[in-house]
Amino acid sequence: MINKSEITITVNGERFSEVVEPRMLASDFIREQLKLTGTHVGCEHGVCGACTILVDGKTTRSCLKFAVQLNGSKVETIENFGSIEKLDRIQEAFKKNHALQCGFCTPGFVITVKELLETEKLETDEDIRRGLSGNLCRCTGYENIIKTVKELIQTRKS
Amino acid sequence: MKPSKFAYVNAKTLDEALLSLKQPEAKIIAGGQSLVPLINYRLSQPSTLIDISSIIELSQISVQDHKLEIGSLVTHNQAITSKDITKFLPIISFALEHTAHKTIRNSGTIGGSAAHADPSAEWPLLIMLLDCSINIISYKNSRTILAKDFFISELTTDLKEDEIIKSFNFPKIKQNYGWSFEKIVQRSGDFALFSAGSIIEIDHNIIINSKLCVGGAGETPIRLSNIEAIIKGKNIESNFDITNDQFLSLLNPTSDEHASMEYRLYIGPQVIRNVLINSIQNYKDNKND
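Sequence lines, in order, name chains A and B. To get our numbering, take the position in the first sequence, counting from 1, and add 601. To get our numbering, take the position in the second sequence, counting from 1, and add 1145.
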């Protein structure tokens, strides 16, 4: 017999109480049950970084967590990062520097970059490349993403 | 493909987790960074997933007289930023910076990495290198096992179905020593094509003891006891005269999609030489501080 669980989580500041099957991945839960489709599902085994979200302030691959494990936690997805009318500063910098083409990987990159800017010194290009190495992009060749991060480093709060 | 069906238990205490583990085909989940990919591919189809991530007693790092005890739930990033680990065994913090990516390191744990037992991963190499012993508990009893008896082969350990890893004892190194870790990868964050770590204890320029371990070179991390014996008693300024054949005699790498066996045997001796030389340099650098 499979037990369904009721979970209560806060997503982008809003509280949700939902019933989930234990095998439901957090990525599927966010996209299909909460209808927040900004979180993208790429490889589904923790390699591509497209499904990156913030759980209690730390980046997490939502395809490597089950929704039941998020019970009681605070989740932030790309939907919390600004609107089409007013982009968040990381999104604005991506747009300005043409750091995306198809945009599939971008939600994961934006969330990863937010954590990197807040927690890492990023003194060299090598530091930036290493920081981004867990996110795959098949369009840009990464150069413009690295340029974007360098620009964001100049304007980040110390 | 989606995971097959399973029941979920969020264990609040070790007792609760151990009791749940009596069910057939039950599996422990901590950070999930190795297990969930297997579940997503249905290579692992547990009947019950027992989540131990909220058992606080398993996520402690404690400094004792002769050892550092690291709880099985300690994440890679927790270990990297631990002042105690950086002070007593800085090679751990350094090597773990090379494990996967920051996002993975936020969730991945020492216990999960050890239980998964990938011979190319950093924690298994460090556990083997540093003569770690592992505290294991089941519903009936508890035991402590040495790293060399714990890792049996690729993805296989001595852990029984009803057992949980509680913590890891890392002995402190008493003598002055130098350390080094090196890893060969195609992309930052990949599993090692080949890796090596070393600890060289030195007294009055004489090597009195050493630990040398390689990853990606066989079914488990491998201690190079033959090289450890060769350099014991030598002056750090002397030429060790170790041949490639001696470096390779205990290695047993295989070919996979990332690198051939021949390539691993080719880079192996160079990487091992590097960590020996760099350990001695590290000792000299620290002495001059």
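Please note that the accuracy of each hint is not assured.
Stated by the list, open to error - In silico lysine-lysine, DSS-like type, Cα no more than 30 Å apart, as pairs:
no.	chain 1	residue 1	chain 2	residue 2
1	B	K1172	A	K605
2	B	K1429	A	K722
3	A	K675	B	K1150
4	A	K659	A	K748
5	B	K1232	A	K722
6	B	K1157	A	K675
7	B	K1147	A	K636
8	B	K1311	A	K605
It should be emphasised that the hints constitute simulated quantities derived from the structure, not laboratory data.
Q.
What's the verdict on K1232(B) and K722(A), does the C-alpha distance respect the 30 Å limit or exceed it?
A. 21 Å, holds
Q: Decide if the proposed pair is consistent with the structure: K1157(B) and K675(A), CA atoms, cutoff 30 Å inclusive.
A: Since the Cα atoms of K1157(B) and K675(A) sit roughly 20 Å apart, the hinted pair holds (cutoff 30 Å).
Q: Could you grab the alpha-carbon distance between K675(A) and K1150(B) and see if it respects the 30 Å cut-off?
A: Measuring from Cα to Cα gives roughly 26 Å; hence the hint holds.
Q. Taking 30 Å as the top limit, are the C-alpha atoms of K1311(B) and K605(A) close enough?
A. 29 Å, holds
Q) Hey, K1429(B) versus K722(A), does the alpha-carbon distance stay inside 30 Å? A) Given pair K1429(B), K722(A) holds - Cα atoms ~28 Å apart, limit 30 Å.
Q. Under the criterion that the straight-line Cα-Cα distance not exceed 30 Å, is the pair K1147(B), K636(A) satisfied?
A. Satisfied, since the Cα-Cα distance of roughly 19 Å is no more than 30 Å.
Q) Quick one, are K1172(B) and K605(A) close enough, alpha carbons at most 30 Å? A) 18 Å, holds
Q. Are the Cα positions of K659(A) and K748(A) separated by 30 Å at most?
A. 24 Å, holds
Going through the hint list in order, the structure satisfies each hint without exception.
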